[in-house]
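A.B. asks: Spelled out, the chains give:
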Amino acid sequence: MSSLRSFLLKLLPFVLLLLVWHGLVEGLRIPSRLMPGPIEAGQRIYLGLISDGDLWAHLWQTLRSTLMGYALGCVLALVIGSVLAMNRVLELLFYPLILLMQAVPKVAIAPLVLLWLGFDARSIVTLVALICFFPIFVGTFIGVRSTPEVLRDLFRTLDASGFKTFLHCSLPHASGSIIAGMQVGWGFALVGCVVMEFIMGIGGAGFLIDNSANALDTVTAVASMVLLGVMGYLGGMLIAAVKQRMIFWEGPARHG
Amino acid sequence: MDDVTSPVPRWMQVVLPAAGVGLILAVWQVLAAVVNTPGLLPSPLQTLLTLATWATSGGFGPHLTATVAGALGGLAVGAGLGLIAGVIVGEVRVLDRILYPVALALQAMPVVAIAPLVIVWFGIGIPSKLALVAIGTFFVMFLNTVAGMHATPIELSDMGRAFGGSRWQIALRINLPNAWDYIFGALEVCAALSFILCVVGEFLAAKAGLGYYLRAASSNIDAAAMFASLIVLSLLATTLALAVRVAHHRTVFWKYRRH
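Just so you know, the protein sequences line up as chains B and A, in that order. Numbering-wise, the first sequence is residues 1 to 256 according to this note's numbering. Numbering-wise, the second sequence is residues 1 to 259 according to this note's numbering.
Treat the hints with care, since some could be wrong.
Said to hold, decoys possible - One side only, chain B facing chain A, incomplete, derived with CB under 7 Å:
no.	residue
1	P13
2	V15
3	R64
4	F94
5	V104
6	L114
7	L115
8	L190
9	I209
10	G232
11	G235
Stated by the list, open to error - Stretches of chain B that chain A covers, calculated by requiring three or more beta carbons in the stretch to come under 8 Å of a beta carbon on chain A:
no.	stretch
12	95-102
13	106-112
14	195-202
Claimed, not checked - Pairwise CB distance ranges (calculated):
no.	chain 1	residue 1	chain 2	residue 2	range
15	A	L40	B	E149	43 to 53 Å
16	B	L34	A	L31	46 to 56 Å
17	A	A216	B	W249	47 to 57 Å
18	B	P172	A	I24	30 to 40 Å
19	A	A216	B	L117	12 to 22 Å
20	A	V102	B	P172	36 to 46 Å
21	B	G201	A	V8	46 to 56 Å
22	A	L40	B	I142	34 to 44 Å
23	A	A76	B	D120	38 to 48 Å
24	B	W56	A	R161	55 to 65 Å
No lab work stands behind these hints, which were simulated from the structure alone. Heads up, the beta-carbon is just placed ideally off N, CA and C, and yes, glycines get one too.
Make the full structure from the sequences, and use the hints.
C.D. replies: Written out as structure tokens, the structure is:
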């Protein structure tokens, strides 16, 4: 009973948001070609997902490119982050490159990626991977590097190889910080995908938002924005759930 | 950089990064020579020449000013309003209960997605870039200010109450200074976000600006111009981030005092 009540309490702000949105659009008589109300947007979502289904193709394209780029970025960041954290010489050698990569706003290289790879899903996947690489790399590097010396000593006395020490000691120790990086990276990944779809103009939720806004079909634009937000939110929830399961020892219980 | 896990001689800590810089330039030069098309991949020298031409002719000026105006103007409006709203909501419990979850949920949406709509509302000039940056930075600053206001140790506000401080005196003299650390942390994120959002806005529709220029150069197959403008953009973003960090460490001096 009390869990139902707390659920309703959590829902209350969103109900309020919808009411305020509705009230503003109605009260100020904002024409729906500038800003549709929540009812119109809801009807468009229903039409696009259930009765007509025209939004699925774009959403699916966005989800697919984002996931592919995200997976690529995660793998690269994990491997490179671990190698640089375990090897001081390589770390110093690649330090300038990392600094350089950090300095460039990654979204801005979208036109360059487009020039090099062309109007193709490869461009999107590449940009997404580049954008989400950095937070995951930093999480991996800091996590692996901060493995307590005591633990490493223990593995040394057990005669473990460098790789085994990494796999059974440093990596589990770093997992909390890696997943934190992956949570930030997920948000970045979606941004990268949307931006690339903006400038490529060949399908995807980003293309749909831009295209329908340009045609003053803001109802479709807002509907796709809401669905994109839901996609981002669900993805974030999923990663948070994985975090809870995998790294049970770092649960919220520790904070109180 | 002190590291105990795998000690490296001191000279290597200087030589290796320098070698890294050399390696980047060498690989870049070789790749450029292999590709042999400045339109696709300019050499380091060609990139420098492009920058030098801009510096002397000044033809790049309008793009630079447009982006700086959009990013900094939007940052000032968004972060400023976010700070004010954060202080108020951080203090008033009812507002906090209602608005904080809403803001948190809205922030889950990639903010760049709203860019086309903002352009419909504010036109293709600088105001739309300013508005986009303001919307994006507002939420970051708002959420962090509220979190910072709430992170005040209870003993401090108890002491304020014991000395007869009124509610808003405690909020402004105790909770707010305590939140500076959060606020400047958020400002650093906002600074990075401001240039990104401004450039994305310019990708979509603009009369001038680095994003506009980058996209035009992409269609003209002029990678030298793109490299040069990316360097300018990176310098701008880095300078702003460093300035914020210096201000951060000066303001929150009790935490970042040098030993």
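A.B. asks: Determine for every hint whether it applies to the structure shown.
C.D. replies: Each hint tested on the structure:
1. P13: holds (4 Å)
2. V15: At 10 Å from the nearest chain A Cβ, B:V15 fails the 7 Å test, so the hint is violated.
3. R64: For B:R64, the interface hint is violated, since the closest Cβ of chain A sits about 16 Å away, which is over 7 Å.
4. F94: holds (6 Å)
5. V104: holds (5 Å)
6. L114: Cβ of B:L114 sits 6 Å from chain A, so the hint holds.
7. L115: holds (5 Å)
8. L190: holds (5 Å)
9. I209: B:I209 check passes; min Cβ-Cβ to chain A is 5 Å, inside 7 Å.
10. G232: holds (5 Å)
11. G235: violated (9 Å)
12. 95-102: holds (count 4)
13. 106-112: holds (count 6)
14. 195-202: Answer holds; 3 residues pass the 8 Å Cβ test.
15. A:L40 / B:E149: 43 to 53 Å: Roughly 48 Å apart at Cβ, these two residues keep to the hinted range, so it holds.
16. B:L34 / A:L31: 46 to 56 Å: Holds - the Cβ-Cβ distance for B:L34 and A:L31, about 48 Å, lies within 46 to 56 Å.
17. A:A216 / B:W249: 47 to 57 Å: Holds, since A:A216 and B:W249 (Cβ atoms, about 53 Å apart) stay within the stated range.
18. B:P172 / A:I24: 30 to 40 Å: Once the Cβ atoms are compared, 34 Å apart, the range 30 to 40 Å for A:I24 and B:P172 holds.
19. A:A216 / B:L117: 12 to 22 Å: Hint holds: Cβ distance 19 Å, inside 12 to 22 Å.
20. A:V102 / B:P172: 36 to 46 Å: holds (37 Å)
21. B:G201 / A:V8: 46 to 56 Å: Since B:G201 and A:V8 have Cβ atoms about 49 Å apart, the given range 46 to 56 Å holds.
22. A:L40 / B:I142: 34 to 44 Å: Given range 34 to 44 Å: holds, Cβ gap about 36 Å.
23. A:A76 / B:D120: 38 to 48 Å: holds (39 Å)
24. B:W56 / A:R161: 55 to 65 Å: holds (57 Å)
When each numbered hint is compared with the structure, violations occur for hints 2, 3 and 11.
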